[in-house]
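Enquirer: Hey, can you piece these two chains together into the complex? The hints should help.
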Amino acid sequence: MERVAIIGVAQTKYEQNKPETFAELVYDVTRRALEDAGITKDEVDNVVTVSSDFWDGRTISSMAVQDSACAYGKDITTVEGDGTFGCLYGMMRILSGSFGVTVVVAHHKGTESNMNGITNCAFDPLVERKLGIDAVSSAALQARRYMTKYALKEEQFALVSVKNHGNAVRNPLALFPMEITVEDVMNSRKIADPLKLLDCSPVTDGAAALILAAERQAKKLSTRKKRVWLMGVGHCADAFRLGDRDLADTRALKAAAKRAYSMAGIVDPLKEIDVAEVYDAFSYMEPLWLEGLGFCDDGKGCEYLERGYFNFDGRLPVNPSGGRLSAHPVQVAGLAELAECVLQIRGEAGDRQVGEVNVALAHGVNGMCGQSHCVWILGR
Amino acid sequence: MSDWKKDVEVLVHQGKISVPYSWTVGSTLSRWYCELRDNGKIWANRCPGCGTVFVPPKAKCIHCYLEPHDWVELPGTGTVETYTVVRYEEPAFHPRKAPFVYGLIKMDGADTCLLHFIDEVEPEKVKVGMRVEAVLAEEREGNILDIKHFRPLG
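Just so you know, the sequences run in chain order L and C.
In terms of the numbering used here, the numbers along the first sequence are unbroken and rise by one, the last being 403.
In terms of the numbering used here, the numbers along the second sequence are unbroken and rise by one, the last being 628.
Honestly, the hints are just simulated from the structure, not real lab data.
By construction, the Cβ of each residue, glycine as well, lies at the ideal position given by its N, Cα and C atoms.
Sample of chain C residues facing chain L (criterion: CB under 8 angstroms; computed from the structure):
(1) T556
(2) R561
(3) L578
With the rest of the complex left out, here is chain C (with noise of 0.2 angstroms):
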């Protein structure tokens, strides 16, 4: 019926999507990222209604749907909930070489869990419940990668 098809060489284009965007960064994240720029500091914010401490900040609680006008400084330290060692490399949006180490790290003072980096530490020693602090980078531009990563504490 199709017995043609056997026999094309089928042909593969190659192609590259790049694509420049400027997303607004918002007023709630814009102040949270401006505060770790300038100033090296953490903030989160709290839920008027039900009391949940978002870090990062959040526009509108997920439980209570209403905006957390109260902010409040993080001390910057926190325990390690989850953690994996990355072994892949992906060169063109992985900043950092594998192997690395993200971990959800569940904030000091705040409700929920922060994604980041823990490093400062032998990958194989990371552990569940491990007591850790932010790290800052020298040159802040008000983005999440101004938290250069978690280390262990003390």
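Bound conformation, chain L alone (with noise of 0.2 angstroms):
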């Protein structure tokens, strides 16, 4: 199989109440994408978007955005969930033999309409949404149930909200970098019990973009130094209804991460991998996926944090980017998760870099709970 690289990316700093409209969001980082990669437009000849229609309030919302992706006149095609999965159909749509350079581009303005509400209507209409479950009951509903399974405590989960904003003051793009305390975050306003205020991602604005290339295309038209490989890729999801799954069960990821390590040859992941940007929408989330990637045994992520292993200098650095808590433009967090990986990769993360970094991993989820995951391993 041919090799794909990612040759050129770019993000918006991410924020409330961004002044740009989606269609000026996805103009500015394609535009800069396609500069990354020293390209034009005339070169790009698939164009995926990754939106989602009930956030932009508008159906098929990939049209409205065709001429701010360089689509105008070319082919348009929309995933409708994470960046991550974006990443995905766009190099499936390169190894098809069909398509040569190719735009991923994800945008996401949260603050525009009420987050809750719109993931109140990812559940089930016949059921659970007429009892008014929303993203952030549900994974509160979850970080209890992963807490009574394995005696965890909400300090534990705290200490992630710590780290991650404390990563966020390196990260220009964040938005909320703070430099704060396990006894902020536990004595943060109660949203949902256990989690409080600083255990929750922030509603946020932005978007980001990544430049795809056959390996033959991407040799031709990059550099060595802005080429980043697409070496390994999974994915799996688990059941839709939360009362079908044990909601502390991470069997979809560590399928998707088997997969994906398969691919990429790597066989002990802590060992081989430099970097991680891991999906923390809630704070209990980082140390239950970095157990379901096989960072750790089940149950054990906590005490690895506190540890320090997966601190900005610790064995292997997770979201230095300070991650979704401090930045969580949806359906573009895992673009931006790669795009954070193909920077450290490059040595180009500014003062968020890690040190050397050869092998990076990202991981995206889709749906409530983590219901789908898609796991992609960077390297040099």
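Expert: The structure is reproduced here in structure tokens:
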């Protein structure tokens, strides 16, 4: 199978109430990602946008950003989900042999509507939706289940928020860089027990874009320094209905990670991976997903965290960008993770550079409580 | 380059999307809701392949992809597997005022959990492992709110 590289990346600053329209955000990042790759729009023949019609407040939301994404007079197609799945679709279309240089671009403006109202609509209108459940209250159910199964404490989850907001101080793109303490998290406003305000990611606006190219084209168009290879990918979905799952069981993520590691030839993830961007929409998710990714045994994520393993200067820096806890533009988040991994591998991550990075992991989530996962391994 | 942008008064237009839907409930869930509405009974269905008992019932087993034709009546009791006390208000779609409690309740006689409210108990006194029973609504319309909530057993 031919290899595919990311040859260009761009992100907006992540903010609330951004004054740009969706189309303006998409134009900004697409243009800058093309510049980063050193190519023009005329070299692109495949455009994948990532958006949600509910969040945009318009149907077939890709159509409205088509010209901004440099797809005027070309093909455009959309993934409704996380950006990691948009990258997957972009790569698949390249590998089909029908498409060349590819733009994958995601936009999200959470502050323009009601986040809880929209995530409530992700639930079955015939059953759970009528109860008023949403992403926050369902995450709270998952957090409690995880605590119960492995005898974990809220203070341990709080430490994730302390670490990631602290990491965000080094990231000029993050929304909420903060030096906080476990006490600050514990004393923050109760949202849905056991989750407090600082356990929850903020409603955020922003956009991100990647430029993908197959090996032959990538080598022709870009310099060695700019090229980062997509070495492995895996994805897997669990049951839709919360009650059909054990919410503390990461079986879908384990399957996704196994496929990504196998494709990339990773045998010992903790030894071989230098940095990871993991989908921490809520504090407790980071240790739970790190267990599913095989960085530690089930139930041990918090213990490793307390021992500093996942700190900026730890054995495996996790979310040096500040993570989703510091900026969570929903559909964009996974593309932002991939962009961050690219910058880390290129050595262009500025103050948040964790040292020399040869192999990076990006992990995206779609659906409530991590129903489906997409795991990427990137390398030089 | 784009200095003029700094001086623009950026406007915000308000909008609201309201579209009516009529979702068919399908044969499996319709049977479940009709039993609940007409007879006050909570039923489940069992996969003929792996034997998993689902509540709410499913049109197909998530494991075996078979149709669970075998219906079983549940006693309406269960154990709290996890819960949360919701502290924020969402008047547009919360059927209750905060604070209120959601629980995933592992139903006796079934292998899955049912999401519902836990009430008739101080939110602070709800515990994982607590035994609960369904309280039915007096006026039932054939939807999930025909179960009013779950309350501590005994």
